[in-house]
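Undergrad: The residues making up each chain are set out below.
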Amino acid sequence: MAAAVEHEVSHPALQHHFDNLEQQREAGTLGMWVFLVTEIMFFGGMFLAYTLYRSKFPDAFASASNHLSLPLGAVNTVVLIVSSLTMALAVYSAQVGKRRNLILFLVLTIVLGSAFLGIKAVEYKDKYVDHLVPGKLLPGNAFSPVVAAHGDTDPHKLHMIGSATVKQVEMFYWIYFAMTGMHAIHMIIGVGLLLVLLYFSWRGRYGPEYHNPVEILGLYWHFVDIIWIFLFPLLYLLGRHLMHA
Amino acid sequence: MQAPETFETPAAERVNYLNAQYGLKSWLLTKDHKRIGLLYLGSISFFFLIGGLYAMFIRLELLTPQGDFLSSATYNKVFTQHGIIMVFFFLIPSIPATLGNFLVPLMIGAKDLAFPRINLLSWYIYLLGGVITIYALLAGGIDTGWTFYVPYSTTFSNSYVIATGAGIFISGFSSILTGLNFIVTIHTMRAPGMTWFRMPLFIWAHYATSLIMILGTPVIAITILLLAFERLAHVGIFDPANGGDPVLFQHLFWFYSHPAVYIMVLPGMGIISELIANFSRKNIFGYSFVAFSSLAIAVFGFLVWGHHMFVSGQSVYAGMVFSFLSFAVAIPSAVKVFNWTATLYKGSISYDTPMLYALGFIGLFTIGGMTGLFLATLGVNVHTTDTYFVVAHFHYVMVGGTLLAYLGGLHYWWPKITGRMYPEGWGRFSALVIFVGFNLTFLPQFIAGYLGMPRRYHAYPPEFQVFNVLSSAGASILGVGLLIPLVYLIWSMRYGKRAEANPWHLPGLEWRTPSPPPTENFLVTPLVTWEAYEFAPPEELRVIGMFKEDESLEDADAVINGKPL
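Line by line, the protein sequences give chains A and B.
Letter 135 of the first sequence, counting from 1, is numbered 135 in the numbering used here, and no numbers are missing.
Letter 370 of the second sequence, counting from 1, is numbered 615 in the numbering used here, and no numbers are missing.
Only chain A is shown next, with the shape it has when bound in the complex:
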């Protein structure tokens, strides 16, 4: 019995109220899953608003969606999917105790996450230039896009389809900024947490015995990616075929 006790209390990462590392790991992982459930409900409110107004104003949503930059959105999707791969490899490296690989893949994930945010910032700037920031979100730059006349191909102007109105397009852009903005905040938090993880990996805290923080941050990172996987088609792709109709 004495031997068993010695074995259990030996690891420095074991918190006092857990019996062993296995229990601590289970609790941490389940805790993150439960947290992700709350995140789904949080984003769910906005997905509901999107669904409602898209079915109410399909023309306006298609017109507004066409104005988004498909290449930038597509590149960002690829960047995020690759960052999920590097995150998964980081988790694997921690599990098998390869410290150098762990650090390498964490750095790669941070770089890719930051690249996503950078591209997103470029997209936001384009919307700012075209006066597409809804309402009075930015003082002095109220929502006032220029509507293109028939035959005008200026990409900075709004090309309206069917019965779309400017007010309805504004609704789309508010939903767009709310959803992608909330997603970006989650990305920023994720990158911040990755930096913390990188520091502790540098110090050699994680190995085959104890790597739960890497795992649960991995869960979070994949979740944020999956949100984007839904956002991209909903905001960028749906209704794109109507542009040529």
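One or more hints might be untrue.
Heads up, simulated EDC-like pairs for lysine to aspartate or glutamate below, C-alpha to C-alpha not over 20 Å straight-line [claimed, not checked]: (1) B:K276 with A:D19; (2) A:K125 with A:D154; (3) A:K167 with B:D490; (4) A:K56 with B:D490; (5) A:K120 with A:D130; (6) A:K167 with A:D59; (7) A:K157 with A:E39; (8) A:K157 with A:D126; (9) B:K276 with B:E765.
Everything labelled a hint here was simulated from the structure, so no lab data went into it.
Following the hints, position chain B against chain A.
TA: Okay, now just chain B, sitting in the frame of chain A:
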């Protein structure tokens, strides 16, 4: 029979969670779930007093038919703030954050909640939300009603909507963190032998409550966020001027706020299950039915929000479905009431203070629940919408239900929490005063509401005055009844009789550790070999680990796995 040799030291010298450390810092930085429970107890009591003060203003104004004490604008603020403080800062955290925090680990034989730091964080978040809300109240208040209906709240109200919304948004996260902590703790930290169906029903109720907290609260968070942006930056998804739909707000709001009613009452039901079984000294009738009815309430509770919107213009078909589902949610609630009653049958009932509260709960919750069925009926609902009938109905559930259960639970576990007994005579007396005062306050409101008195006005036709005078008189009695426990509970912390470890002679794990418990909760890890309400002679229900022969329990894993010690 010779008493077994014990390690017991006199209660005064024993190290427990209260005297393990001293000083303000040891409380403000504590990670002990028991101390955090007490921090919550203090803060929610403070908010309860503020909410009660607003209730007093309401009852004073309504003494006379004329709007003579408060202007209509001030009155709007007073009832709004009464609702917001009571709902978001008292009722929702009340039982889970105080008694739940204290008892969930103790009842399942864990050393703490799974995430002690997150637990402390949740208290600070709650406090931050509370401070911001208090700021909003002091700065000028809010007059939208606790429901924040748009477009009034986004466009027309000239009050502190955003600051109040920020307070509620922030304090919501404390609710989410508490729920998350409970779910993980109940899943992963039960003591050896504590199977799911040996768990006390209090734990089942808290598990179901936590599910609602994690599934519902994020939705109110995003709703308030969207509302704040709409007010601040005129970006409208609710504003009809932009093509938005105000009814969407109501859907999102009630998707949380109806289940929130079950966040308030389910933990109370958990307490009542404990009290009824334990003070009848009888196993609960139909344990698994009571346990699963909690989960059923949590699930059905998410499908009935539309019954708040029968007159909002939602489709008649939606109204019919919501009406049907609202009747359906009464079934699991009724299962509980019937099972409690069946448990009383032929039990050896003792009428201690907690039991008086429990019996009061059954009666009042039944009235609150039955009048809920009136309101779930589409036709009756049109007649009673926005009348005092609704006000009386939800006060029967929230005050007659939750508050009574909370007070019953507080008395019942007081000896465990403080190590002192409360004065029984005063306890019974105040329970009686509260029961009388409560009924006198809210029973007349059913009649006034049924006769057509609308809610949320500071003046009313003179024929309703008799009901309002009765109601205000009852509220004064209720107020006095609530102050009595405040005084004697604080008094008993110092001067009360010292409590034994198991003053009620019960089998639950929380009674099998000293009063107050040590910081680590148990002297040794308990090994559970009994069912939740398996009563035994007092000498068998001793503190686990206090007797030398219990030492063998230390390696409980070995016992479970059948290995020789």
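Undergrad: Please flag the earlier hints that this structure goes against, numbers listed from lowest up.
TA: 7
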